[in-house]
Every structure is written in C-alpha cells, then in structure tokens.
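Colleague: Listed below, chain by chain, are the residues.
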Amino acid sequence: MLNLDSTQKDAIGLNFVLKNLDCSSPYGMEKLKELKPYKSEDFNSLEECFDNMKKIKSFYESDKSTISKICDVLAHFKNIRGIIRKLENTSLNQVELFEIKNFLLIFEEFLPLFEQFNDKDWLKNINFSSMTNALDILDPNKKRIAPFSIEDSFSEKLFKVRQEKYKIELLLKKDQSLLLERSKIVAEEDTEETKIMAKLSQNLRNYIADFYANINNLGKLDFTIAKVILAAKYKATRPKISNNKLVLKNMQNPMVAEILKESGKKFTKTSLELNLGTTIITGANMGGKSVSLKTTVLNISLCLLGFFVFADEAEIPMFSDVCLVFDDMQDQKSGLSSFGAEITKLNDIVEKSKNEFLFIALDELARATNPQEGTAIVRAVSAYFSSKNCICLMSTHYDGVVQNGIKHYQVAGLLNNIENTNNISDYMDYSLIEVDTNTKPPRDALRICKLLNMDKDLLLLVEGGIE
Amino acid sequence: MKSLNELLNPYRTISIIGMGKNVGKTTTLNHLIAEFSKQNLRLLLTSIGRDGESTDVVTKTSKPQIFVPAGTIIITTEKLLNLCDITIEILMVTSITTPLGRVVVVRSLSDGFVQLGGPSITAQITNLLDNLKDINVDKIIVDGAISRKSLSNPALADCTILCSGAAVSSNIDEVIAKTQHEVEMLSLPCAKEVRSDDIHIQGAISDTKMREFIMSGENISDRQIIIEDASKIFITPETYEKLLIKQAKLFVKTPINLALVTINPISPKGFTFDLQEFLTKMQKAINVPVYDVLQGGKPCQC
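Residue numbers (my numbering), protein chains in the order written: chain E, 1 to 467; chain X, 1001 to 1302.
It is worth saying that the hints were derived from the structure and are not from the lab. Glycine is no exception: its CB is placed at the ideal position from the N, C-alpha and C atoms. Take the hints with a grain of salt, since some may be wrong.
What the hints assert, rightly or not - The list that follows gives simulated cross-link-like pairs (lysine-lysine, PhoX-like), each with its CA atoms no further than 20 angstroms apart:
| id | chain 1 | residue 1 | chain 2 | residue 2 |
| --- | --- | --- | --- | --- |
| 1 | X | Lys1038 | E | Lys174 |
| 2 | X | Lys1038 | E | Lys167 |
| 3 | E | Lys245 | E | Lys388 |
| 4 | X | Lys1209 | E | Lys173 |
| 5 | E | Lys33 | E | Lys78 |
| 6 | E | Lys167 | E | Lys157 |
| 7 | E | Lys86 | X | Lys1079 |
| 8 | E | Lys195 | E | Lys160 |
| 9 | E | Lys173 | E | Lys64 |
| 10 | E | Lys220 | E | Lys19 |
| 11 | X | Lys1246 | X | Lys1209 |
Claimed, not checked - For the chain E half of the interface with chain X, some residues (derived, Cβ under 10 angstroms), not all of them:
| id | residue |
| --- | --- |
| 12 | Phe128 |
| 13 | Lys165 |
| 14 | Asp426 |
Said to hold, decoys possible - Which stretches of chain X does chain E cover? Using the computed rule of at least three CB atoms under 8 angstroms from a CB of chain E, they are:
| id | region |
| --- | --- |
| 15 | 1079 to 1093 |
| 16 | 1104 to 1118 |
All chains, full assembly: derive it from the sequences and hints.
Modeller: This is the structure we're talking about:
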C-alpha cells in the first residue's frame, strides 16, 4: 500500500487514521485489510467511491439513527466466506449450515433496511440480491428463528427413523439391554442426516455467486459507512481530483492534533498550493516544517486510498505513488548513517520518478552532513525534480537554497514582542506564507537562545560569532 | 440426613470437581442428571476445557459416558459434537475457540450420549452462561476436568461437589487425609474483620510461594492471610501445617460453597475399599455431607 513503510505510516499519522476506522462487520474489516491506492486508470471508480461517500455523509448528517441501525445489523454478521468456499466442493456439516442460516436471517433483516435507506438507488455499484430462496432451503417451514436442526420434515425416512429412536428410548428407561438396538437406529439416523446435509448443500450451491456478491457489497457498504463516520468526526472533505495542481487549504493532522490536545494545545491548520516541480518550505527550528510536510503526505495518501481528506478544501492529482524521506533513525540500525540512508532512499525515488508521476516529500534532506555540501545537495535535488513530471515538496533550514523558478513557503515563525518564556511553542506561528525566492529565513535561533535564558557570557559569544 | 435432591434444591449452578482421575465424577454427573430429570427440571450441561490427556477420548471408538434426556441444553465443541448421538438442534456457535473447535450451544431433541467440552477459561464460561440467560433452564451443571479447581470459583457456581475415591491412593487413610485437606481448603471462611496487618495475596498460592513466604522471616503469627478464593490454593497439607504452627490464619475474600463430597470405593487399578468403612471414616473426618453415588446416592448412615 503506497511506497511508505510502516514507520512512515506511523509518522505521518496514516496508521492512526486507519486505527480510528470503525468497521462493523468482518466484511468491512476485509476491505480495510485489502486497502490499496487507486491508480490513475481507476479515476472513475475513485470518483464513484467519493460520490457514494458524499451521499452517505449528507444522509448521515441528517439521520444518524438509520445509519446506526444499519451498522447494528452489519455487526451481527459473522464471516462465512470460508464456509462458502468449502461449499464449492464439499457438503457442509450441521454447524456450518447453522452459520449459513444465521447469515441469511441477518441478511433478511438487513435488506429491507438497506432498501429503505437506498430507496432512490443513489448508491453506485453497491447493491444486493435477495437470498430468501436460499434461506427457504434451510428453513422450509419459514419459522425464521436462529436455531438449526435437520428437521424431521426434511425426509420421510428421517421422520420414521426418529420415531423409532423415540420409541426405543422410552423402552430403554426400563430395559438397558436395548442399547445395542438403539445404536443401530442412531447409525441409521446419522446416515440419513448426512444424506440430507449433502442435499441441502447441493441446493445451496446454486447461490454461491449470490453469496460472494452480497458479501462483497456488504463489505463495500460497511467500509464506506466507516469512512464517512470518520470523515464526519474529523470534518474531512471530499478532495477534487485535479490534473497537475495540489491544493490543500487549512489542512490538519488528526494524530498530531490529538497529541497536542493532550497537552492543552491546538493544531494550527496550514495551507499549501503546489504546482508541478519543486516547492521548498524554509523556516526556523521548531517551526513545524516537518508536521506540514507529513500532513501533506497523509492527506494525499488518504485521497489515493479513497478517503476524504483532513482539509477545508483539497485538489489532488492522481499520483501513481507517494514517496517520503525523513530521518526516522530506522536505517541506522542496519549500519547506514542517517545521511547514507537518505541518499539510498533518494536514489530509489530518482529511479522511480523516471517512469511514474510521483509526489515526493523530502524532510530536511542532508541535514546531517556539513552545511556547505548539504546546501549544494538540496539545491541540486530541488533543481532536478523541478523539471521532472512530479510534485516535490522539500523542507530545509539551509540558507539560500531556493533558486529561480522554485516556489517558496516560509513558516511565519516566532511572534514579536515576547517576554521570557519556557514554552516557545506558545509563541510560534506555524502558518505557511508564500514568499519570494530570495527571502532569507528568519534569524530566530538567537532569539530562541535569549528567550530560553541562555547564560549572558555565552550569549555574548554567540552574538559576536553571528556578526 | 437430607437426600441429595433436598440438599441441592436451593442451588441453580452446580460445579463438580474431582480429586483426580476416575474418582466418579461422571458417575456423579449422571446421577445428578437422572435425579433432576425425574423432577422434570430443565438442565444445562457444560464442562471446563479438556486437558491434553483427555484428548485421546476423541476417537470414534471411545464411547461417550454422559447420558442426557431430550430437552437438555449442552455446551460442547464442534469436534465433540460429532461424538454425541443425540438428535441435535444448534442454538449458538460462539467465537470461543478450543483445540477441539469452537464452543457451540445445542439442545438435545432426543435422549442420548453426549461429550461435554467448553471454554478452558472460567471467565469465558461465566460470560457464556450470562449470554444464555434467556434460555430457560432450572439447573446448570459444570463438569470440571481433572485438577481444574478453578471451577469451584464462586463467581461461576452456587455450590460445588467434590468427588473423591479409591483412585486417589491405595491406602484408605491417605485418601481420607488428602480429601480432608482439600475440604479444609475449599471451606476456608471469610475474614470476619479487616485488620491493618492483614496480608493479601493475589492470584494462585502454590507450595513454593507459601514456603518462601514462611522462610522469609516475616512475622505472620496471629495475622490474617487473605486469598481471593479457595480455587487459587494449591498447597500441600504439610505446608498448611507449617502455617498453622506459625499461627497464621488463612481466609478467603469469597468463600466457596462446598455442598457435598461423593466417594467412589472402586479403583481402576482393580482394588475396592469396603464401602461402609470408607463412608464412615470419610464422614468422621470431614463435616460436609458424604454421599456414595455408585449405590444410588445414599447419604452416609453413620
């Protein structure tokens, strides 16, 4: 699923979002497990998916109780996929037939509820076929109750055998010597039951395609509802699929927002508008460049996976993949320095970008090497991707790397007129402002030293060095 | 002395535990089933998971031992269901899994032999029985597998039956001594008062744990050692003796209701105790009613 490893999915908050997705049925869970990005040739199905979500979302906003009723019924379904697979070639046993019957009983309850909800047929490609005939095979007397037994009425022979069994059991209370006789009848009953189960299985086999189709659609519906409820919870919106332009207005990251909330802080929404080529974010330390970058990757990934995005407005092209390089310390375990690991990853991305339309996010590339060479690398990489068919977003705290033709955002940074503080983040404006190519990054490091009460003599030395 | 029926009349959930293999647990169970059926009581039967050593019964050749009347609710597992010869109505397939398949709830539509199986965790049985509240039954009998004392857990059963017999030892006095100790442990009372120097022990108390505790030199004389319940105690008579010498007193938070002890004088090794001697000695040693279920559940006449 996308060109992101598990650490990256954790870091950008994608795993957080997926964990918050609450599917009601095992079939919805299946869809989550099989989750994969839509490719550009799947444009129509992605739009269809968003159309369905939009319709369910507006329904959900006006009538939560119907949706929650549907979810309640969905939650009753057990996964019978394995049993249906078995049914293709073999007869089912009594426990399996019980489970099929229960699936069908819940389905009988589900279908009218769904039809009422979808009365104008406004959901695309989520539809169900009635399975009443299949249920009648297992419940010919239409009692429609959960318990299942091989009923006497299934065959005349069975009825007779059971009568005999009953008679002998009455006698058995007085005469234990009839046990052997009884065991013969029990064997006959078993043979007849096996025959009947084979017959029932054979009749059910005609409905295998319906079972699979309905199960698939139950999963689709459940998964779509779960995505809508998640979108409603975090006020996510439907992204517009664009050609080459990436717009994220007031985007946010639910995971970071949650962490901030725990310490009583609020997430600052940021906005970006990117064109083909490279865009660079510069800004002070602690300015949230990384968070903006990761939030961008998160929202693009969600869109490609068929989710609404966490932004007030979004336009997102159908990238063929999403790539991220940031210092996650992971590769150092395999013996590479963080610089070495970055370059290895970068090589892969360069190779990939030759054939694919990528979104590339590079967080503080070459931060771990010396500023002189580091600056040269950042300049070169930004220039390289600016002429390629991709959108590349880089963050850096190096000076003077933004060259002509490259879009430049800067973190608004530290507010003016701040008293001494131990909590810099309270005075940091994380918003992104589009600036000229030549705009120098703010010199906030010295201010931060002062605000954090650096020793006076040491501060003097620092100031001397800067001059 | 009361008859078995009178004695068990007030209790809805009854658990049966044994001192070991072949002490007549199934005989006791069958006896209860027969007695309750005579009164037209609706029964629910289950057991706590099967121990590894019992899996050898899961062959087509072995004969199930438990005979139930039509209408009985049985909790067992998918694979053991194949060994039941009753006509089955499936009521529920649970998500609890065991090595013998998922736990299922069925109703017997005919008389017949069944194999019981069930969850191996006490909390799972408690939850399952709670989920089955709507099924109308008068008595629930939980059959304990070998050495599953956790079954006497008071959260699960209203009363407990302990089965003992000649299979425990070839020496009748040893059988009685062991049973006496077990009864003493199962009958530990609740502490009457809370004291500031009470010693609380969480979880199981084993012999090793208790010995370490005694050797640690902590002053335990005249103090109350409080355990969750008797199902957590796994100490030998010798260790218990040491505690008593140190004048420590064992208590439980939740007492178990040990209703009766049944005895089986026949050992599978081929010898048999004299029934009357066994009954008399046992009843003298313990102050819980002793019944001989092999002879039709007669109480001790001493």
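Colleague: For this structure, which hints from the list above don't hold up?
Modeller: 4, 9, 12, 14
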